[in-house]
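*Asks:* Given the sequences, and given the hints that come with them, work out the whole structure.
Protein sequence lines correspond, in order, to chains A and B.
Using the working numbering, the final residue of the first sequence is 266, and nothing's skipped along the way.
Using the working numbering, the final residue of the second sequence is 276, and nothing's skipped along the way.
It is worth saying that the hints were derived from the structure and are not from the lab.
Treat the hints with caution; some may be incorrect.
Unchecked claim - Now the in silico label distances, taken between C-beta atoms and shown as ranges:
1) PRO229/A x GLN41/B: 25 to 33 Å
2) GLY183/A x TRP262/B: 52 to 60 Å
3) ILE30/A x GLY27/B: 17 to 25 Å
4) GLY183/A x ALA108/B: 47 to 55 Å
5) ASP188/B x THR213/A: 18 to 26 Å
6) THR58/B x LEU23/A: 22 to 30 Å
7) VAL47/B x ALA20/A: 35 to 43 Å
8) ALA190/B x ALA19/A: 43 to 51 Å
9) VAL4/B x LEU22/A: 30 to 38 Å
10) HIS267/B x THR213/A: 43 to 51 Å
11) GLU225/A x ARG191/B: 20 to 28 Å
12) ARG66/B x LEU23/A: 47 to 55 Å
13) LEU23/A x THR2/B: 50 to 58 Å
14) ALA20/A x VAL4/B: 45 to 53 Å
Unchecked claim - Far from chain A, by Cβ distances over 10 Å, these chain B residues were calculated:
15) HIS9
16) LEU104
17) ALA234
18) ALA238
Where a beta carbon is used, it is the ideal one built from N, C-alpha and C, also for glycine.
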Amino acid sequence: MPPKRSGRLSPSTLAASVAAVLLLYGAGFIRTRAAAQRLTQDTSRRRPVNMDEVQQVLDVARFTTVPEPTIGAPPTPVISAAPAFAAPASVPPVPAPATATVADQTNRPPVVDEATHVFVPGAPAGAASASAHGAELAAGTAVEGVHAGPAPVAASTSPTPLAAADAGQAAPPAAEKPKYNDGRYLGWGYCRHGQIQAAVVIEHGRITSAEITQCGTRYSCDWIEKLPPQVVSRQSPEVDFVSGASESADAFYYAIVEALAQAKGK
Amino acid sequence: MTRVTRMRHAAERFFRTPKGILILLLGVLLVLAAVGEGVLQLWRPLVATVAAAAVVDTPILRWRKRRWEFPSGAVLTGLLVGMVLSPHEPWYVGAVVSAAAVALKYVARTRSANVFNPAALALVAAYYVFKAGHSWWGALPDMSLLVSIPALVATGVFISHRVNKLPLVLAFLGVFYALFTAAAFVGDPARVAEAFITPDVQAALFFAFFILTDPPTSPTRYRDQLICGALVAAVSFATFELLGVVYYLLAGVLAGNVQEAWRRAHHARGGRPVAA
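*Replies:* Here it is, written out as structure tokens:
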């Protein structure tokens, strides 16, 4: 690109330079087109769609590993008909009759939180009602009481402020199966701005800790620093959307989902 | 000649200068961005960044030049900071960043000009100090490519040609996409796919046309422009690959600023003419 005597680029030099830039860009664009399409699809495929995939994974585990409830002690609906509070908008409302059965649950719309679908074989109905805890209080003392026994049960879900009262009536969870296996699990979540690795710690079948272990996004993960505590408090990957950091929040969400899937499948 | 007439003539002269033209062109992009993002979302952070920069720069200019002067450089800095910084940031973050940008212009400078592009330096600092996000909304990433690319290219080529920095822009874009394309062929294409799609494409164009070409901090001679453009592209690419941070473009221009300041200082010591 030699300078012209007049101090301006000649039209031919300018045209050749622009053509070269377009050629380089075009070659790279074609080479990365497939990957870019995947990125775009991942970005546009927001939680409701991904929820189904997660639900499929969780359904497989649920209906193949969880023992059937005993006759006379039907599982209490794990999803409360009470209005959810703090429930993300992306989660479809799940109406559940007060006497829902296992068969009923198979027909339910997908619900993200595995914690909401824990059955208590052989336990009185009151115990099952204890599993209908709201996400906000899932990590509270009421749930701790449920898990006091040697065979902890994973509680709850659909957020309801009434859960605290239910917890006091919880039956011994002797025969309950934890929803997650104890241990520390890692998962990766991806967005178009990078990837996030998250870790969850499961103790007595419950999420006791969640953290971002690697932040590979181009934006600071401080933007989503409030999300890990939400995973613990809600016992769910369903964290808030973060205005201005929605993709990082989604990447964190996917990372938690992957980690919990491993906790389930261990 | 009345006072109003004198002011009108002064305004006409100002908007024929590169700074005046750039303010007008950024105004065009702002109007388009407001259509895409919403005026309510944008006006507060933008007013904060521009006003804060002007408030800081006006008394400094008065002290340095012994007369009142319109802080056109500060307005530009405020606009650039506001158009890069995420509109989701609190308004006071933009104000502080913008004011710091103007202040840094007077702190880090050689005899002839400031060393760093003030907006770029403050935005990088804001990433660490405020964890501030860079959305580059002024590059129209939320608009259709049929609108955003022609708007950026038309306004960008106009101002780049006006300040005679087209070689710098083309050198940057050429080396930038050559490196990313090479990386796509040599390694995993997914690692660099972002560079070829929205919003990075718009950000790269906005950066090349409106930030890289800042006259006080960029070279004048074509040969120097080619070297600087290639260096900025290489550092931007390396920052993207090694750090993966959102300010990878701005890191490149800061490296180019240092190289340009060193070149000017080196030539000044050698007694050769320095193009400022």
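*Asks:* Measuring from beta carbon to beta carbon, are GLU225/A and ARG191/B in 20 to 28 Å?
*Replies:* At roughly 26 Å between Cβ atoms, ARG191/B and GLU225/A fall inside 20 to 28 Å, so the hint holds.
*Asks:* Quick one: work out the minimum CB distance from ALA234/B to chain A and report holds if it exceeds 10 Å, violated otherwise.
*Replies:* Given that every Cβ of chain A is farther than 10 Å from that of ALA234/B, nearest at about 14 Å, it holds.
*Asks:* Determine whether the Cβ-Cβ distance between ILE30/A and GLY27/B falls within the hinted range of 17 to 25 Å.
*Replies:* 36 Å, violated
*Asks:* Taking 10 Å as the cut and beta carbons as the points, is HIS9/B off the interface with chain A?
*Replies:* Given a closest Cβ separation of 29 Å, the condition holds.
*Asks:* Cβ-Cβ distance between ALA20/A and VAL4/B: within 45 to 53 Å?
*Replies:* 50 Å, holds
*Asks:* Could you see if the CB distance from PRO229/A to GLN41/B stays within 25 to 33 Å?
*Replies:* Since the Cβ atoms of PRO229/A and GLN41/B sit about 28 Å apart, the hinted range of 25 to 33 Å holds.
*Asks:* Please settle this one: LEU104/B was flagged as non-interface, so is its CB more than 10 Å from every CB on chain A?
*Replies:* About 21 Å separates LEU104/B from the closest Cβ of chain A, which puts it past 10 Å; holds.
*Asks:* Range hint 50 to 58 Å: satisfied by the CB atoms of LEU23/A and THR2/B?
*Replies:* 56 Å, holds
*Asks:* Starting from the hint 47 to 55 Å, judge whether the C-beta atoms of ARG66/B and LEU23/A obey it.
*Replies:* Hint holds: Cβ distance 53 Å, inside 47 to 55 Å.
*Asks:* State, for the Cβ atoms of VAL4/B and LEU22/A, whether the hinted interval 30 to 38 Å holds or is violated.
*Replies:* 48 Å, violated
*Asks:* May I ask you to test the hint 47 to 55 Å on the CB atoms belonging to GLY183/A and ALA108/B?
*Replies:* 52 Å, holds
*Asks:* Between THR58/B and LEU23/A, is the Cβ distance one that fits in 22 to 30 Å?
*Replies:* At roughly 47 Å between Cβ atoms, LEU23/A and THR58/B fall outside 22 to 30 Å, so the hint is violated.
Consistency note: the structure conflicts with the earlier hints numbered 3, 6, 8 and 9.
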